[in-house]
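The residues making up each chain are set out below.
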Amino acid sequence: MPAEPVTIAFTDAFDAAQIAAVCAHVRRQRAPQVCVDGAAVTVWPTARAALLAQLLRRFERGGYAWSVVGVPDDVRAVLEFFLYRRSKKLRSARPHEVAIVESTLVRIARFLNNIRDLYLLLQDIVYWTMAGPFCQHGFRLSRTSYEITERGVRSLPIVALVAFIMGLILAMQAALQLRVYSALFLIPRMVGVSIVYELGVLMTAVLVAGRSGSSITAELGSMVTSEEMDALRAMGVSITKYIIVPKFVALIIVMPCLTIFADIIGVFGGYVISVLPMMQIGMSSPDYIDKTLDAIRMKDVLIGLTKSVADGVVIACIAVYQGLTTSGGAEGIGKSTTRSVVYSIIMIAIAHLFFTGLFYATGQGPLLQP
Amino acid sequence: MTAPVIEVKELVAAYGEQVVLDGISFMVAPQQIFVVMGGSGCGKSTLLRHLLGLYRPTAGSIQILGTDVTRTKEEDLQPLRARIGMVFQGAALFNSMTVAENVSLPLEEYTDYPDRVIQDIVDWKLHLVELDHARDYMPAQLSGGMKKRAAIARAMALDPAILFFDEHTTGLDPVMAAELDRTILRLREKLHITVVVVTHDMTSIRRIADRGIMIADKHIAAAGSIREMEQSGDARVVNFFMSHEGH
Chain A
36 MPAEPVTIAF TDAFDAAQIA AVCAHVRRQR APQVCVDGAA VTVWPTARAA
86 LLAQLLRRFE RGGYAWSVVG VPDDVRAVLE FFLYRRSKKL RSARPHEVAI
136 VESTLVRIAR FLNNIRDLYL LLQDIVYWTM AGPFCQHGFR LSRTSYEITE
186 RGVRSLPIVA LVAFIMGLIL AMQAALQLRV YSALFLIPRM VGVSIVYELG
236 VLMTAVLVAG RSGSSITAEL GSMVTSEEMD ALRAMGVSIT KYIIVPKFVA
286 LIIVMPCLTI FADIIGVFGG YVISVLPMMQ IGMSSPDYID KTLDAIRMKD
336 VLIGLTKSVA DGVVIACIAV YQGLTTSGGA EGIGKSTTRS VVYSIIMIAI
386 AHLFFTGLFY ATGQGPLLQP
Chain B
114 MTAPVIEVKE LVAAYGEQVV LDGISFMVAP QQIFVVMGGS GCGKSTLLRH
164 LLGLYRPTAG SIQILGTDVT RTKEEDLQPL RARIGMVFQG AALFNSMTVA
214 ENVSLPLEEY TDYPDRVIQD IVDWKLHLVE LDHARDYMPA QLSGGMKKRA
264 AIARAMALDP AILFFDEHTT GLDPVMAAEL DRTILRLREK LHITVVVVTH
314 DMTSIRRIAD RGIMIADKHI AAAGSIREME QSGDARVVNF FMSHEGH
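Which chain is which? The protein sequence lines are A and B, in order. Each number in this note's numbering corresponds to the 1-based position in the first sequence with 35 added. Each number in this note's numbering corresponds to the 1-based position in the second sequence with 113 added.
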């Protein structure tokens, strides 16, 4: 004889904590069918219907046939929504492995798409930078000079401060090591070559990425979200020509200028440490200057400046690209700005590694012989 | 007679010396769509903030669902606020959260339901405002009307007894505004809630209002059903109806 169905009285007092106990009770009864009676419930907030749905799903997973009685029609409709929609979702769910492969492929496709977009953007920028001056209204000189002031002149204080501190640190670190070998006379050479060849450029690039790259991304991102970009497109104005080229040209101009400035200030930091009597290095002012000028070759300066121009291109492209692909309002602007700085710093490091490797392989690296 | 869900008696509201509302009294019956109307700067939004207990009045009393919000401490108002939903003029969705996260926020704050139950409730509320497809969208990806509907879903998360709307049709085109009004009517019918709407949009008022008041010069210039108010001899009311028609 088949077992009688178990009847569960679903009341106002029922809460999530009781679901497990009810399921255990049904298991103990060994009945294949469960009937939930909701007649005793006085009010049916959505949460109560959701709890009942949760209970019914547990019965279903346990292999029990269930039925519900004493429930108003509108609550039954809510229950059907919960149960039907979930089952529909389960039916449409794909196997986990397929989903992983699919999402990996999507990511790869998105990455390749980004590379292609970045390439097209760079192509457009280069075109308008070269062709702009020959077209009517093609090159915005006043906007470019404004950008040079914003990105370059206003960066001078922070670049000076950080470069000076870096010069101080480098000279002190060098003194600590070289004192052991009685080679303190090498300090100007070490400080000069390190700063001019690598550190001055790298530090300037990181500072510009953090200060100007982020501000370019935020500015463009906010223009995108407020539909200003769409308005420009609708007016038939080239965004690249009108908005991007002035920023791009400004960064390419200011990067070498800021780098030379950082080099001079950094070397001056080393000078301050070396000639200060309290540091007990015992170097005279003319001696330090002579040794620095001896150590730094014009070729090293040019290599540093080449890197700085490359850094300018990297920062401008990434900042502009991140700005133009912003979506999602204030939150999106924040994310794009963060990505702009992070990607710029990573790409700058990779570019410097590439240049250093290239010059090392071709024997063009800095000399450190006394 | 059923007890009113909102009862305002002789309310006086002022910012410092400047009196904004003076001697406002009205009642809202259960499951009614009640409209507070009036021109810009007449004190509609001030009245709404007093109803929500955000401002304390200079004089008078406000009973909401049996609680006098003018004499209840801020911390003791929390249980009442869980029974009230508010849809702000600009939707006020949290931009850093998805639509579903916005709707689940009050549930996570006020209840200790399991996550699955919360997700069920969120899906149901989004279904009621016809935003099933937008649960994982960010607010920035929504149109103006969708934002308002998401805000309604959030306001309804805790099954409120009263839903307040502040200028719900502002910024929407006529089609979206009509759609939103239909949503309000549908919700009242399905969920049996009381709705209080602050607006100056006459087209919307005609579509949804059961009763209402019109505020002018700090006082109630007209009260009753829209038809009753239209027949008012008060020149301010006549002017308002004529100048805001079609807005």
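Hints are computed from structural coordinates only; laboratory data are not their basis. Possibly wrong hints are sitting among the right ones.
Said to hold, decoys possible - If you want the footprint, here are the derived chain B segments under chain A, 3+ residues with CB under 8 Å:
{"#": "1", "region": "221-229"}
{"#": "2", "region": "287-299"}
{"#": "3", "region": "313-326"}
Unchecked claim - With a straight-line cut-off of 20 Å between C-alpha atoms, the simulated SDA-like cross-links for lysine to any residue are:
{"#": "4", "chain 1": "B", "residue 1": "K303", "chain 2": "A", "residue 2": "K370"}
{"#": "5", "chain 1": "B", "residue 1": "K303", "chain 2": "A", "residue 2": "E115"}
{"#": "6", "chain 1": "A", "residue 1": "K370", "chain 2": "B", "residue 2": "L255"}
{"#": "7", "chain 1": "B", "residue 1": "K186", "chain 2": "B", "residue 2": "Q202"}
{"#": "8", "chain 1": "A", "residue 1": "K370", "chain 2": "B", "residue 2": "R196"}
{"#": "9", "chain 1": "A", "residue 1": "K370", "chain 2": "B", "residue 2": "D249"}
{"#": "10", "chain 1": "A", "residue 1": "K370", "chain 2": "B", "residue 2": "S209"}
{"#": "11", "chain 1": "A", "residue 1": "K326", "chain 2": "A", "residue 2": "T341"}
{"#": "12", "chain 1": "B", "residue 1": "K303", "chain 2": "A", "residue 2": "R111"}
{"#": "13", "chain 1": "A", "residue 1": "K370", "chain 2": "B", "residue 2": "K186"}
{"#": "14", "chain 1": "B", "residue 1": "K303", "chain 2": "A", "residue 2": "K326"}
{"#": "15", "chain 1": "B", "residue 1": "K303", "chain 2": "A", "residue 2": "V336"}
{"#": "16", "chain 1": "B", "residue 1": "K186", "chain 2": "A", "residue 2": "E115"}
Just so it is clear, CB atoms sit at the ideal spot from N, CA and C, and this is done for glycine as well.
The hints, checked one at a time:
Residues of the region 221-229 of chain B with a Cβ under 8 Å from some Cβ of chain A number 5, which satisfies the need for three, so the listed coverage holds. Only residues whose C-beta sits within less than 8 Å of a C-beta in chain A count toward coverage, and the region 287-299 of chain B has 0 of them, not enough to reach three; the restraint is violated. Requiring three or more residues with a Cβ within less than 8 Å of a Cβ of chain A, the coverage given for the region 313-326 of chain B is violated, as only 0 such residues are present. Distance restraint check for K303 of chain B and K370 of chain A: the Cα-Cα separation of roughly 41 Å exceeds the 20 Å cut-off, and the hinted pair is therefore not satisfied.
Restraint check for K303 of chain B and E115 of chain A: the C-alpha separation of about 16 Å stays at or below 20 Å, so the hint holds. Among the hinted pairs, K370 of chain A with L255 of chain B is consistent with the structure: their alpha-carbon atoms are about 19 Å apart, no more than 20 Å. For a cut-off of 20 Å, the pair hint linking K186 of chain B to Q202 of chain B is broken: about 27 Å separates their Cα positions. At most 20 Å may separate the alpha-carbon atoms for a hinted pair to count; K370 of chain A and R196 of chain B exceed this at roughly 36 Å.
Distance check on the hinted pair: K370 of chain A and D249 of chain B sit about 18 Å apart at the alpha-carbon level, within 20 Å; holds. Distance check on the hinted pair: K370 of chain A and S209 of chain B sit about 11 Å apart at the alpha-carbon level, within 20 Å; holds. Between K326 of chain A and T341 of chain A, the direct Cα distance comes to roughly 24 Å. Violation of the 20 Å bound is thereby established for this hinted pair. Taking the CA atoms of K303 of chain B and R111 of chain A, the gap is about 13 Å. The hint holds against a cut of 20 Å.
Among the hinted pairs, K370 of chain A with K186 of chain B is inconsistent with the structure: their alpha-carbon atoms are about 40 Å apart, more than 20 Å. Taken as a hint, the K303 of chain B and K326 of chain A pair is broken in the structure, with Cα atoms around 87 Å apart against an allowance of 20 Å. Taken as a hint, the K303 of chain B and V336 of chain A pair is broken in the structure, with Cα atoms around 77 Å apart against an allowance of 20 Å. Simply put, K186 of chain B and E115 of chain A have alpha-carbon atoms about 41 Å apart, too far for the 20 Å limit, and the pair is violated.
Hints 2, 3, 4, 7, 8, 11, 13, 14, 15 and 16 from the list above are not met by this structure, while the remaining hints are.
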